[in-house]
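Trainee: Protein chains in written order, with UniProt numbering: chain A, 1 to 204; chain B, 1 to 204.
Just so you know, the hints here were simulated from the structure itself, not pulled from any lab data. Careful: at least some of the hints might be erroneous.
Identical chains blur together in the list; that is why a pair holds if it fits in one copy or across any two.
To be verified - Below, in silico cross-link-like pairs of lysine-lysine (BS3-like), each with a Cα-Cα straight-line distance of 30 Å or less:
#  : residue 1 : residue 2
1  : Lys79     : Lys200
2  : Lys74     : Lys107
3  : Lys60     : Lys79
4  : Lys147    : Lys107
5  : Lys147    : Lys74
6  : Lys69     : Lys107
7  : Lys147    : Lys200
8  : Lys60     : Lys126
9  : Lys69     : Lys200
10 : Lys74     : Lys171
11 : Lys61     : Lys147
12 : Lys146    : Lys200
13 : Lys126    : Lys79
14 : Lys118    : Lys79
15 : Lys69     : Lys147
16 : Lys200    : Lys61
17 : Lys118    : Lys74
18 : Lys171    : Lys118
19 : Lys79     : Lys69
20 : Lys107    : Lys60
Listed here are the chains, written in short residue letters.
Protein chains: 2
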Amino acid sequence: MTFYYPNGKPYKEPCETGKKTIKPMNKNKIQYGNRGMSLEDDLNLTNRYYLERQMAVVHKKPTPVQIVKVDYPKRSQAKITEAYYRRASTTDYNGVFQGKYIDFEAKETHNVNLLPLKNFHDHQIKHMRQVMMQQGICFIIIKFSKKQDVYLLDAGILIRYWDLQHTGGRKSIPRETIEREGYLVPQSYLPRLDYLSVVKQVYL
Amino acid sequence: MTFYYPNGKPYKEPCETGKKTIKPMNKNKIQYGNRGMSLEDDLNLTNRYYLERQMAVVHKKPTPVQIVKVDYPKRSQAKITEAYYRRASTTDYNGVFQGKYIDFEAKETHNVNLLPLKNFHDHQIKHMRQVMMQQGICFIIIKFSKKQDVYLLDAGILIRYWDLQHTGGRKSIPRETIEREGYLVPQSYLPRLDYLSVVKQVYL
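Extracted from the complex, chain A is given alone in its bound form (with noise of 0.2 Å):
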């Protein structure tokens, strides 16, 4: 089974958790703003961001693996030798913004209107419903990579669709939905996805 980035491209190796290389830039196109970085590689520069400026303490959970097999060669690292990916249990991204509890997971899609809820799976809407519950801040991020537009959308939206598509609703969150319900974040050099504005903006 071959595994995917979020922009469509095959893992390759050898390749850190959750930290992917930036792609270098073709030198004779002009470059639009951050286009061909993946949301994840935005997402971990805007968190970088936002940590050195002491706004907010948000990071990538580690991919969940489960370990096998180790070995233990004499005067060396402990060599994991047999292990699986996991599903997560919960959604990618969480920390802390002024006291509060902020959770969200980020997705990105070729689809140019709508995204697919097959990105989502049941263990991750539990997750949000029990944060919600808590009354955490909870929402996820959806880059539209053919329009390279990022909207946030609440949680509570994306669990209203979660719900309907076991009654005869549709499978998918159209675009027109994520843009009146949710916000655009906005983009820039730094940070490359402000998506704290919106959250002090919805939120706080």
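With the hints as your guide, set chain B onto chain A.
Mentor: Chain B alone, transformed into the frame defined by chain A:
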């Protein structure tokens, strides 16, 4: 996160990242309460209890692993064949309690009268400072395994000792300090370690 079979037995082998197996109890010896359970096991059970009762959403972060080689056998799951443990850049546990961000590290020590500072590393201390700057609730949970008592100590006190060691201070936190400035965590069958009762009292 620990998985359980319907009969309540924890999922064992193949071993899960960051999870210790429960030590078999010596049947010829009288067991008091949950003696023999590791601090991590107790915290996992406690967090599951809180989650099920909608009291808080707290998870242990997956162990960070640097993945070097992955095999993609046909018709089966991707197999990681070379990987290494990475040093965590944050603490092990975080989550949300009544909208507030909670963040902590748990340490068990065989020492009777002190907690050595070498149980922590620079990155974790830096992370704790950042969380405190952001008004997150940040502490450590310490288990003295000989006496089996467990304390909650505010991260600020750990940081005070951490900084003092660099200017000739001691390389450990004495038990007296932990008893005087920390809080004994109530232990029972369920929840195992009711640290939220202390958090409510101290931080809210």
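Trainee: Does each hint hold? Answer for all of them.
Mentor: Do the hints match the structure? See the list:
1. For a Cα distance limit of 30 Å, the shortest separation of lysine 79 from lysine 200 qualifies neither inside one copy, at 44 Å, nor across copies, at 42 Å.
2. Taking the closest pair of Cα atoms, lysine 74 and lysine 107 come within 30 Å of each other only across two copies (27 Å); inside a single copy the shortest separation is 42 Å, beyond that limit.
3. When the C-alpha separation of lysine 60 and lysine 79 is checked against a cutoff of 30 Å, the pair qualifies both within a copy, at 24 Å, and between copies, at 23 Å.
4. With identical chains, the CA atoms of lysine 147 and lysine 107 are at most 30 Å apart within one copy only, with a shortest distance of 14 Å there and 48 Å across copies.
5. Proximity of lysine 147 to lysine 74 under the C-alpha cut-off of 30 Å is found in neither arrangement, the shortest distances being 52 Å within a copy and 35 Å between copies.
6. For a Cα distance limit of 30 Å, the shortest separation of lysine 69 from lysine 107 across copies, 25 Å, qualifies, whereas the shortest one inside one copy, 32 Å, does not.
7. In the homo-oligomer, the alpha carbons of lysine 147 and lysine 200 lie at most 30 Å apart inside one protomer (25 Å), although the nearest pairing across protomers, at 47 Å, exceeds that limit.
8. For the homomeric pair lysine 60 and lysine 126, the shortest alpha-carbon distances inside one copy (19 Å) and between copies (17 Å) are both at most 30 Å.
9. Proximity of lysine 69 and lysine 200 under a CA criterion of 30 Å is satisfied in neither setting, with 45 Å inside one chain copy and 41 Å between copies.
10. With identical chains, the CA atoms of lysine 74 and lysine 171 are at most 30 Å apart between copies only, with a shortest distance of 29 Å across copies and 53 Å within one.
11. In the homo-oligomer, the alpha carbons of lysine 61 and lysine 147 lie at most 30 Å apart inside one protomer (28 Å), although the nearest pairing across protomers, at 34 Å, exceeds that limit.
12. Proximity of lysine 146 to lysine 200 under the C-alpha cut-off of 30 Å is restricted to the intra-copy arrangement: shortest distance 28 Å within a copy versus 47 Å between copies.
13. For the homomeric pair lysine 126 and lysine 79, the shortest alpha-carbon distance between copies (28 Å) is at most 30 Å, but the shortest distance inside one copy (34 Å) is not.
14. For the identical chains of this complex, lysine 118 and lysine 79 are inter-copy neighbours only, at 23 Å across copies versus 35 Å inside a copy, given an alpha-carbon limit of 30 Å.
15. Taking the closest pair of Cα atoms, lysine 69 and lysine 147 never come within 30 Å of each other, the shortest separation being 44 Å inside a single copy and 34 Å across copies.
16. In the homo-oligomer, the alpha carbons of lysine 200 and lysine 61 lie at most 30 Å apart both inside one protomer (23 Å) and across protomers (26 Å), since each shortest distance falls under that limit.
17. Taking the shortest Cα distances, lysine 118 and lysine 74 sit within 30 Å of each other only across copies (23 Å), while inside one copy they are farther apart (45 Å).
18. For a Cα distance limit of 30 Å, the shortest separation of lysine 171 from lysine 118 inside one copy, 8 Å, qualifies, whereas the shortest one across copies, 51 Å, does not.
19. In this assembly of identical chains, the alpha carbons of lysine 79 and lysine 69 lie at most 30 Å apart whether taken from the same copy (9 Å) or from different copies (12 Å).
20. Proximity of lysine 107 to lysine 60 under the C-alpha cut-off of 30 Å is found in both arrangements, the shortest distances being 13 Å within a copy and 23 Å between copies.
Going down the numbered hints, you'll see the structure goes against 1, 5, 9 and 15, while the others check out.
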